[in-house]
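J.: Spelled out from the first residue to the last, the chains are:
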Amino acid sequence: METIEKIKEAFGNASDLIVRDFHIGECTIYLVQNEVLCTSSFINEYILTRLTKLPLTKQNKEELLYNVLPDNSVKKLDDLDQMLDFICKGFALLIYEEGKAIAIEAKASLDRGIGEASNESTIRGSKDSFNENFNTNLGLIRRRIRSEHCFMETYFLGKESRVKTGILYMNNIVLKEHVDTVKEKLEKINVDGILDSGSLKKYIEEKHNFLFPTVLSTERPDRAAQALLEGKIVIIADNSPFALITPSFFVDYLHSPDDYYQRASNITFLRLIRLFAFLIAIFIPGLYIALTTHNQDMLPFDLLLNFSAQRTSVPFSALIEALFMSISFEILRESDIRKPASMGSAVSILGGLILGDAAVSAGIISPIMIIVISISAISGLAFTSQEMISTLRWLRFIMMLLAFLFGIFGIFCGLIFLLASLTTTTTLNLPYLAPITPLIKDELKDSLIKMKSSKIRKRNPLLTKNKVREREAQEK
Amino acid sequence: MKRLLLILLLFLFLGGCTDYNEVNNLTIVDMIGIEKQEDTYHLYLSVVTGEKEENQTENKHTVYHVTGKSLGEAFQEGETINNKRTYYNHLAMVFIHSSLLENREEYQELFSFLKKKLEQGDYLLLEGTSPLASFFELYPNHEDLENFILKEKETKGTTTLLTFDEVNANDFDQEYDAYLPSIQLEENTLKTNGITLLGSNMHYDDTSSRISYLLSNKIKEYSFLIPIEEKYYQIKLSDLHVNLDYQENTFKITIKGQLESEELPKEKRKEVQEETEKNLTKEIKQFIEMEQEQNISTTPLKNLLYFKTKKTEAYQKSKTNITLSFAWKGDLS
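These protein sequence lines map, in sequence, to chains Z and F.
Take the first sequence: its letter number 259 is residue 319 in this note's numbering, and every next letter is one higher.
Take the second sequence: its letter number 28 is residue 408 in this note's numbering, and every next letter is one higher.
Bound conformation, chain Z alone (with noise of 0.2 Å):
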């Protein structure tokens, strides 16, 4: 058959690629499947079986194909291009005529199921995580919101990937221009494969914003839960066991998925401990070389002493004795993502042996040294988001540099322009710093601390007209 043979062409021949012709009374189906796409079992059991069975004439083999085989998603396709379409999309094809199919989702699970989240983890709340599988992911978020509001819109993405992509919101919250502004953005992604929600992120993001993520990816379904009811746009894709939301505030990423199972007190006191450890993470080796080189007389004299007396055998400047411990710790950490299981922790013993101990004995580094990175890098990990992780390593060497060029008048130089990256940066068009500035009075209750949920009475007007969120509770 013409069609038969084109579909091979168009796969090259490929050994994946199964063809089955049966005779079934006065026709001849051909059985186009992609071998690894597709489950064998579900195609031997419940299509061949009944396929073999059913009266075939070539009046009613379109009718009877079409409404006997036993699958909620069974289309009609009579164009080559959807043919192959769907043949990669793991659906089995039953060419009945030329330029004629019956396709049925067979697909074949090759996901890994639902697992616990590996970089956000909780004490509290729930465990499961998203996979890569578009469906169970998109299940994991309707469980959560059973409401006819939640909508999802699909695309897909990548000219050769054809990643299935959703956008999901709440109709009843979400501002229509927001929708509009991201699927405007994802309409125009025009690039031969997405691979993973994270290669979205660039085209979803604003171009002046240089420093800080603006969108936020977890793999917590409650989180996305949250987010959808807050009125934000979540997008999920096929393979990426990663979520996006968007916008996403400054303020997003000092918030962590237990927030919402908590006392507000308990969630006050972390939420502050986060910002202090993001002051910590960018000011402090830039502080320590600031007063070890430009401003020494604000240090208490028994501290000089001390600083002094640790620095007197090291033969490099603080700034290189500074970098040198940053990239030893980003390479200490790269490497202990990396390594392979089998290796233990015998790289991150050895890593902090070398760093540590000896670096300090053979006179390299100075042990305040080591103390400051160490806090410095400690206080950066407080954050779950990757980006904002990195970002804070590019401020403190920002900073660092800054401090020992122009001492404590470099910090400052430094802390303004922190400042005015975040005040500039901006989220779907809408301020990066909501809702410190502009201020929102009510969306400060949960910001960068948290009141009681019963005083959480209104959604970010930045984000929905619908601004109230919970109502005085009727009496019965």
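Do not rely on the hints blindly, as some may be mistaken.
Computed far set for chain F versus chain Z, every beta-carbon distance over 10 Å [to be verified]:
(1) L389
(2) T420
(3) K432
(4) G448
(5) G452
(6) I461
(7) K497
(8) N521
(9) N548
(10) F552
(11) N623
(12) E642
(13) Q674
(14) A694
Here are the simulated BS3-like cross-link-like pairs (lysine-lysine), alpha carbons at most 30 Å apart as the crow flies [as the list claims (entries may be wrong)]:
(15) K248/Z / K662/F
(16) K261/Z / K219/Z
(17) K512/Z / K187/Z
(18) K261/Z / K382/F
(19) K531/F / K658/F
(20) K187/Z / K160/Z
(21) K245/Z / K632/F
(22) K267/Z / K382/F
(23) K616/F / K571/F
(24) K160/Z / K136/Z
(25) K616/F / K658/F
(26) K262/Z / K248/Z
(27) K382/F / K262/Z
(28) K650/F / K632/F
(29) K636/F / K650/F
It is worth saying that the hints were derived from the structure and are not from the lab.
Even glycine gets a Cβ: it sits at the ideal position worked out from N, Cα and C.
With chain Z held as given, fit chain F onto it using these hints.
T.: Relative to the frame of chain Z, chain F by itself:
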């Protein structure tokens, strides 16, 4: 991206324009001594270094001696020590030899030089009447001198700590005669030597110094020995508070405080109190008369007169009325 690179390059080039100095490339000066002998200025620098020993850092003091034809030259000589830049921003004490304080012009020139050179003014000032080399040899750590003065202040009330800013402020005040506490070495032992008025040869002994500090509210307690029936008792005056006023051509001085003594029997208290009040009144009167006669004022009296009357001509003719109100510590009344 190009803009960012340009800014980065600009910063790197500008880096050489700043006063960058590693902390371990600094010679930290703890105390300096300035002396003049036969037209040569001697500068003593007590440098402190931290030395790491096991898990703690110990401070080690080393004294360096440089000279110059002028003060600037001497400081220039001491600009670098052991290839490290001299660092004065944590200076704790400046020790000035009495030879530099006799002439008004000389000490004012010294003070203005110190103000320009050392920038900060919170370091202590002391005058030494013995050669400074011996002071620095025996007491290179300023804390030893400071502790000695504090102990003397608490026990005898004959000395106190003054910073450069305080002395300089007094010097600028026309109703005030600035002074420095003075110490000397006697057989390698520190001893207070009253106070020296700046720009003159005048020197107060310990008793006058104590009265000056008392009337300036600079001391709150001191101890003394009082003989009662051929036995000496240690008496301590504490919680001292002096109130000064000027009315009808009279300085009214009110002193309140507490008396305490561990050894004194209770029946002797009244006698001791009367004796103390009599002696103190006499000392204060003699002191004020002495200052009035010389038309000098190391206490706020002249300042008070100016504040009340806008002129100080009546200072020397004013009378003094002293009221002492002491109670024994522990008594309810």
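J.: Need the status of pair K187/Z, K160/Z: alpha-carbon distance at most 30 Å?
T.: violated, 46 Å
J.: Evaluate the condition: distance from the CB of L389/F to the nearest CB of chain Z exceeds 10 Å.
T.: holds, 12 Å
J.: Minimum Cβ separation between N548/F and chain Z greater than 10 Å?
T.: N548/F is indeed farther than 10 Å from all Cβ atoms of chain Z, at 20 Å.
J.: Would you check whether the claim that K497/F is not at the interface survives, using Cβ distances to chain Z and the 10 Å cut-off?
T.: holds, 15 Å
J.: Just checking, I461/F versus chain Z, shortest CB gap more than 10 Å?
T.: holds, 14 Å
J.: What's the verdict on K248/Z and K662/F, does the C-alpha distance respect the 30 Å limit or exceed it?
T.: The given pair, whose Cα atoms are some 100 Å apart, is violated under the 30 Å limit.
J.: Would you check whether the claim that F552/F is not at the interface survives, using Cβ distances to chain Z and the 10 Å cut-off?
T.: holds, 25 Å
J.: Quick one, are K382/F and K262/Z close enough, alpha carbons at most 30 Å?
T.: holds, 21 Å
J.: For the pair supplied as a hint, K245/Z and K632/F, is the alpha-carbon distance within the 30 Å limit?
T.: violated, 87 Å
J.: Does K160/Z pair with K136/Z here, judged by a C-alpha cut-off of 30 Å?
T.: It holds: about 8 Å lies between the C-alpha atoms, which stays within 30 Å.
J.: Is the claim that N623/F lies outside the interface with chain Z correct, judged by CB distances over 10 Å?
T.: holds, 37 Å
J.: Does the structure keep K261/Z and K382/F at a Cα separation of 30 Å or less?
T.: Status holds; Cα separation ~24 Å.
Of the numbered hints given earlier, the model fails hints 3, 15, 20 and 21; all others are met.
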